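Engineer: The sequence shown lines up with residues 5 to 318 when you count with our numbering.
By construction, these hints were calculated from the structure, which means they are not laboratory data.
Any given hint could turn out to be false.
To be verified - When the alpha-carbon atoms are kept at most 20 angstroms apart in a straight line, the in silico EDC-like pairs for lysine to aspartate or glutamate are as follows:
no., residue 1, residue 2
1, Lys-211, Asp-291
2, Lys-111, Asp-92
3, Lys-111, Asp-42
4, Lys-147, Asp-163
5, Lys-50, Glu-233
6, Lys-111, Glu-57
7, Lys-147, Asp-289
8, Lys-311, Glu-94
9, Lys-211, Asp-96
10, Lys-311, Asp-119
11, Lys-47, Asp-114
12, Lys-211, Asp-163
13, Lys-47, Glu-233
14, Lys-245, Asp-235
15, Lys-47, Asp-156
16, Lys-311, Glu-128
17, Lys-147, Asp-210
18, Lys-245, Asp-315
19, Lys-236, Asp-92
20, Lys-85, Asp-235
21, Lys-111, Asp-163
22, Lys-311, Asp-235
23, Lys-50, Asp-149
24, Lys-245, Glu-233
25, Lys-85, Asp-293
26, Lys-273, Asp-210
27, Lys-211, Asp-289
28, Lys-147, Asp-315
29, Lys-50, Asp-156
30, Lys-236, Asp-315
31, Lys-47, Glu-94
Fair warning: this is a prediction, and the values are worked out from it, not measured in the lab.
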Amino acid sequence: MKQRFYLVLAALALAAAPALAQTTPAVIPDPAPPATPDPLWHKSIKTGLGLNEALLSTNWRGGGVNTIGFNASFNARANRKSGLHSFDNEADFLFAFSQTRGLGYRKGQDRLYLDTKYGRALTERWDMFLSLNLLSQFAPGYKYDTDAAGNDRAQLTSDSFAPAFITAAYGFEYHPATYFHLRLSPFAPRLTVVNRVERFTAALGDKPYGVNPGHSTRFEVLAAQVLAEFDKNISPNVNLKARYVLFANYEHLNFQEIDHRLDVSLTAKVGKYVNVALNGIALYDYDQDHGVQYSQGLTIGVAYAIKNYADAKK
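With these hints in hand, go ahead and build the complete structure from the sequences.
Structural biologist: If you want it as structure tokens, here you go:
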């Protein structure tokens, strides 16, 4: 009797199994979110503002003077790559000044740089390119010294777009990584613009920036240029950006008359919007001065950066 009871239970369980299987809902995985399309133009903006100040009472015995300083930087890029073709654009600005009691206004750093480039890929790491760039400054610059009578004087040495260097370069670009590229331009004619050049002869001599008095331009057709750029986060909160430019005129091709310029910026993020920036410029231009010129600035300020793309995975 018991055996018959167990057989009936087994039969009922076997009969109910298909029904249970049919009523159990199937688990359907959620659909994967659609991939974000890569924008046609890779755009980025970096800005920074800094302020430094010292305020002393009139009876401060430790010495010193009241001073206030301000600096601003701006860098914007818009790059596009389509098949073998690429189009890169950059605007890079830097300006700093200080106001010191007893001395007045003094400009510190001043840079206006615009660059546009078209490239066509030859291999994975080499492009053939042509580019056009402009290097100048925003505000007047002065040389501060004393005259024969010992009086302080300020002599004008530069002004907005005086000088301005406009260079068209043709050649080959090597880009082994996203953060570094090297342009080799065997043909890079350059136009030097100095409006009203006679304003600068008292401080700079008979041919300011290589431009003859009575003229406003100097055209160097047979010339070569080398440009190298490095822009990388060397740690999660520290960025190093450097640009080196060599310019050589074939008509005066000797080591002494080859121009060199190096711009370096080291930026460290202290917080979300606070950073510390060290900027430096080293310049050798035989037409300006026979020695090396340099400029350096250290600031603490606020910074903001935005871009519409994600960095490529390494």
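Engineer: Look at each hint and say if it fits the structure.
Structural biologist: Outcome of the hint check:
no.	hint	in the structure
1	Lys-211 <-> Asp-291	holds, 8 angstroms
2	Lys-111 <-> Asp-92	violated, 31 angstroms
3	Lys-111 <-> Asp-42	violated, 42 angstroms
4	Lys-147 <-> Asp-163	holds, 12 angstroms
5	Lys-50 <-> Glu-233	holds, 17 angstroms
6	Lys-111 <-> Glu-57	holds, 15 angstroms
7	Lys-147 <-> Asp-289	holds, 17 angstroms
8	Lys-311 <-> Glu-94	holds, 14 angstroms
9	Lys-211 <-> Asp-96	violated, 29 angstroms
10	Lys-311 <-> Asp-119	holds, 19 angstroms
11	Lys-47 <-> Asp-114	violated, 24 angstroms
12	Lys-211 <-> Asp-163	holds, 16 angstroms
13	Lys-47 <-> Glu-233	holds, 18 angstroms
14	Lys-245 <-> Asp-235	holds, 4 angstroms
15	Lys-47 <-> Asp-156	violated, 48 angstroms
16	Lys-311 <-> Glu-128	violated, 25 angstroms
17	Lys-147 <-> Asp-210	holds, 16 angstroms
18	Lys-245 <-> Asp-315	holds, 16 angstroms
19	Lys-236 <-> Asp-92	holds, 17 angstroms
20	Lys-85 <-> Asp-235	holds, 19 angstroms
21	Lys-111 <-> Asp-163	holds, 12 angstroms
22	Lys-311 <-> Asp-235	holds, 15 angstroms
23	Lys-50 <-> Asp-149	violated, 37 angstroms
24	Lys-245 <-> Glu-233	holds, 8 angstroms
25	Lys-85 <-> Asp-293	violated, 41 angstroms
26	Lys-273 <-> Asp-210	violated, 46 angstroms
27	Lys-211 <-> Asp-289	holds, 13 angstroms
28	Lys-147 <-> Asp-315	violated, 44 angstroms
29	Lys-50 <-> Asp-156	violated, 39 angstroms
30	Lys-236 <-> Asp-315	holds, 11 angstroms
31	Lys-47 <-> Glu-94	holds, 10 angstroms
Hint check: violations occur at hints 2, 3, 9, 11, 15, 16, 23, 25, 26, 28, 29; the rest are consistent with the structure.
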